[in-house]
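From these two lone chains plus the hints, build me the complex, please.
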Amino acid sequence: MSDILLETRNLTRRFDVSAPWLNRKLEGKEKAYVKAVTDVSFSVRRGETFALVGESGSGKSTIARMIVGLLEPTAGDITFDGRSLVEGLRGREARRLRRRFQMIFQDPLASLNPRWRVTDIVAEPLRVFERRQGDRARRARVGELLTLVGLSPEDGAKFPHQFSGGQRQRIAIARALAARPDFIVCDEPTSALDVSVQAQILNLMKDLQAEFGLTYVFISHNLQVVRHMANQIGVLYLGRLAEVNDAEALFANPRHPYTRMLLEAVPDIEMTGRPRKRVEGEIPSPIDPPPGCPFHPRCPLANERCRVEVPPLLDGVACHAVHEGRA
Amino acid sequence: MTDITPRAAPGRTRARLLRRALASDIFYSWRRSPVTVIASVVALALILMAVLAPWIAPYDPFNPASLNLMEGFTPPASESAFTGNYFLMGTDNQGRDVLSTIMYGSRISLFVGFSATVLSILIGVSLGLAAGYNGGAVDSTIMRVADVQLSFPAILIALLIFGVARGVIPPNRQESMAVWVLILAIGLANWAQFARTVRGATMVERQKDYVSAAKIMGVHPALILLRHILPNVTGPVLVIGTIGLALAIIEEATLSYLGVGVPPTQPSLGTLIRIGQQFLFSGEWWILFFPGVTLVLLALSVNLLGDWLRDALNPKLR
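Which chain is which? The protein sequence lines are A and B, in order.
For the first sequence, our numbering gives the first residue as 1, with consecutive numbering after it.
For the second sequence, our numbering gives the first residue as 1001, with consecutive numbering after it.
Source of the hints: derived by calculation from the structure; they are not laboratory data.
C-beta atoms are modelled at their ideal positions from N, C-alpha and C, and glycine is treated no differently.
Quick partial rundown of chain B residues pointing at chain A, CB under 7 angstroms, derived from the structure: (1) Lys1208; (2) Asp1209; (3) Tyr1210; (4) Ser1212; (5) Ala1213; (6) Ile1216; (7) Met1217; (8) Gly1218; (9) Val1219; (10) His1228; (11) Pro1231; (12) Asn1232.
One chain only, chain B, in its complex shape (with noise of 0.2 angstroms):
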């Protein structure tokens, strides 16, 4: 009964919470899993590289003033015949290197996907946790509104927000709006599963006795909702919310393939798999091949780490 003093020295609490936290379930079925460390090693580093691109890509390949279209189409691996640069993926059309490109994309589009997964699940808790806890007509709307959301493609969804958004921003200030544009059109194609999910657990929760104790004592809704019932349904927002944010990159690149998404100024990865694949017939095959795997191995890493974290906090997997 000792060993639970509250205010234990910050250094000691740091280390035993290490301990704690390599000693947990959840670690051991992280490092049972060969497959998931070495998603999460892949995820990692494709985030690292994205985060810091500004510091340790090769190139600073929108910087007009340094590109020179002498070195466009340099195959991978090789130096440029007329200055010499070396380039480890090649570059494109406009002698932008590759990789540095990448770098950038993919800070684009894992922003546009973090933050658009994040307003999925800001709108699809909050009706979620609304719906599940009220009942009755709240949730019959609130329900019949995600169900016909979901029986339509998210990608649509996103196109035909993306295309009302087009209509009411000012033509001179769509390209900065763009990426926000993006986020939103993303965002609020995808909440509808986190409502459902929510909604759930909420239900289960409502029932439960310790919610009963907080209603007697006269405890606000808001506050039960959200000091009670919030934390009892995180857990299946977590496993959904990391699919969720695969699913999110995957779409942003299509928005962008399509050309609908970001402006080419500040391409993502799908742009730059849409620029590249002008040149796949002409040999030029680096310039959508290497951000077409890039953007593979992101939503798969990602993906395999939500699969992993669905069975890791299912209890009844284990």
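The following block holds chain A by itself, in its conformation from the complex (with noise of 0.2 angstroms):
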């Protein structure tokens, strides 16, 4: 048993966004790309957590969603526990890798069915992988599994919207973890969320890591949410990463100059007071991409190299002006 859960290589994705055929034909124009991810390669160890963030548009979800297979990559490979996830699943042996993933989404309003009562919803995953479950038991699971993230088995008649955000939240870690799972994707679970309310259903995911052996694959724009959370950290930007390292690494010595930006803007309350660099800039359109490293136009250490060379990720950073020992 190998040390690494999940493994992605030169992972890409491309979405066609051309006009329709006749349009196009008539106005002359080419078909058109949206390059949503591109080589991304990273590995995840088991029963940690790992932390994908960047702005929007960088690709995160379009990463979950391969995962978990809802989008096909358009080129590279998914190792799931040594098995690749990306040529074909079928019969038997998708259902028992099936059972292994499951996914929190962002707004618990949308992944829970309004017309079904939360008994319903959390027994889902009981339904489909252990179907020869008696009612009386999936009935006691269910209860089991409210009671575990902090709900009263009574909830279980209600439905979706007699919840509040939070609580709506605590449903869907239920049915994410009705059938034991050991991997989920967790797709900023937390941003549709009050503030006070985000701590609560962190650290209710880090027990359950705790408890479970649970392995994340967690996504964020939120630095201080993946700080409190993550093992490893890999930061995006158009598609590509940046930087991966361990988390307190990246915290305390972050190498590319947009994880450094990134951090900077980070309000700190010891900081107050002190100026602060801005964000300079916006992540360009990902349909037209700036040739070469795609953070020149917004990179301060940018030369002729970077506006024509694509970096490669040596060493856990994709920066020329790392590589040369620039920065």
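Here it is as structure tokens:
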């Protein structure tokens, strides 16, 4: 048993955003693609949390959706526990692998069917993966799960709209845990919640991780949240990994200019009153990305080479300046 | 938290359900609209009258043995000059009691309208779900067919289907099959609205994360459609279904009025109107008038109910 649970290799996804065929022919336009994710490779160790951070449009959610199989990668490979997920999962093998991973979504109101009672929502994975389980056993298990996430078994008779945002996310977590998975993709699980509730949900997720040895891929745009949760962090910029490092090392010693910029932008109580460097510019359009290093238009260290050549991810950083020792 | 106990005594549950229904928003908006209350009462009365016709009709108008030609053309609210039988709405040329024929006629009208609407819903909802969920070629094919069909008046399509069925079914069975052919014709003429509405709602729902969650678990697409998406698209179907019922009743009446609907041996409201029209200019107005009024009341009350339901279920108008 290796200690890597999930690995992606050169994961790439393009979206076709071309105009319809007739318009293209009449207006003489080329096919247009959004390069949402390009050559992303990382590995997630068993029982740890790997966080993906980035601005909106950096491809975080696309990666999450590819991992759980909602989207097919255009190129590249995803291996889960040594088996490739990309080469068409079929039949019994697919079922066995599927029950091992789950996903928690950003908006718990949208991820819970409004017409279902909570009991049915939480029991859905049980119905899919444990078909032989009786009604009574299933009900007992749902009660157990609801208690585990801090709700009461009586809540099962209610509908999702009768709960607050934080409680709804607890229901979503209970559903994710129902079939005893060992890997959960969390797509910004707290960004739709009040700040006061965010910490509760994050702590619950950490407790559950410790209790069941769960492995998380945790997606967020909030560096504080990530610092609290992650063992390893991958910083995404325009669909490419800019930097990958252990969480502590990344916060203590950010190497990529983009990571530095992000960390400087985090408000800090001890820094009150001191001048801060502003985050400059915006993330460019992924339909028409800049040539060379995608970050060069915003990078203070960019030179001629950066404008032409795409920097490879070497030793956890994709930056010419770092590779050349200029930074 | 203790007021929700999964296994309460059945009697108490029923009482609680009733109390909850009376306290609901829907009931409130129903009670607040006098037009709707009146429409419901009228629709309910007409439906009860139709359903209970064999038991409450004063005469049996389709039993040749009980008909007396001498009683023909008796005016409303009078006794026959020959037999002394009382007829509230008069009689037609064959001495059939108009009130009784209306009762039996609305029975057929309602049965055809209701069955045809159910058929439209079955076809429209299935195709709409398939189109909205799959997208691509399936979607284009289904929706182009629907567009073409919507560009014709529904009655024309019903006539076409009726004509084709006439040609296919052997003559000796045509009379017994007429009602079913009518249901098929009206049902096939009206599925497109349902398909359109359901397709739109499905396209919204399939993007939602609860569908993604089910997909990740590997739930079969048919089950996702049936258990997840269908319950979330039924609201609009209920509304256009109610309005569609009124439309189907009128379409049936139109077809029967044109003489291509149900046979005269089991007349619907439309057939009665056609029969009555022959005597309009000779002064026997009641033979046409009462079936006509019944048809208007039925279609209007059902339509008003549909309008109310649309507003009551639309959260934006609250």
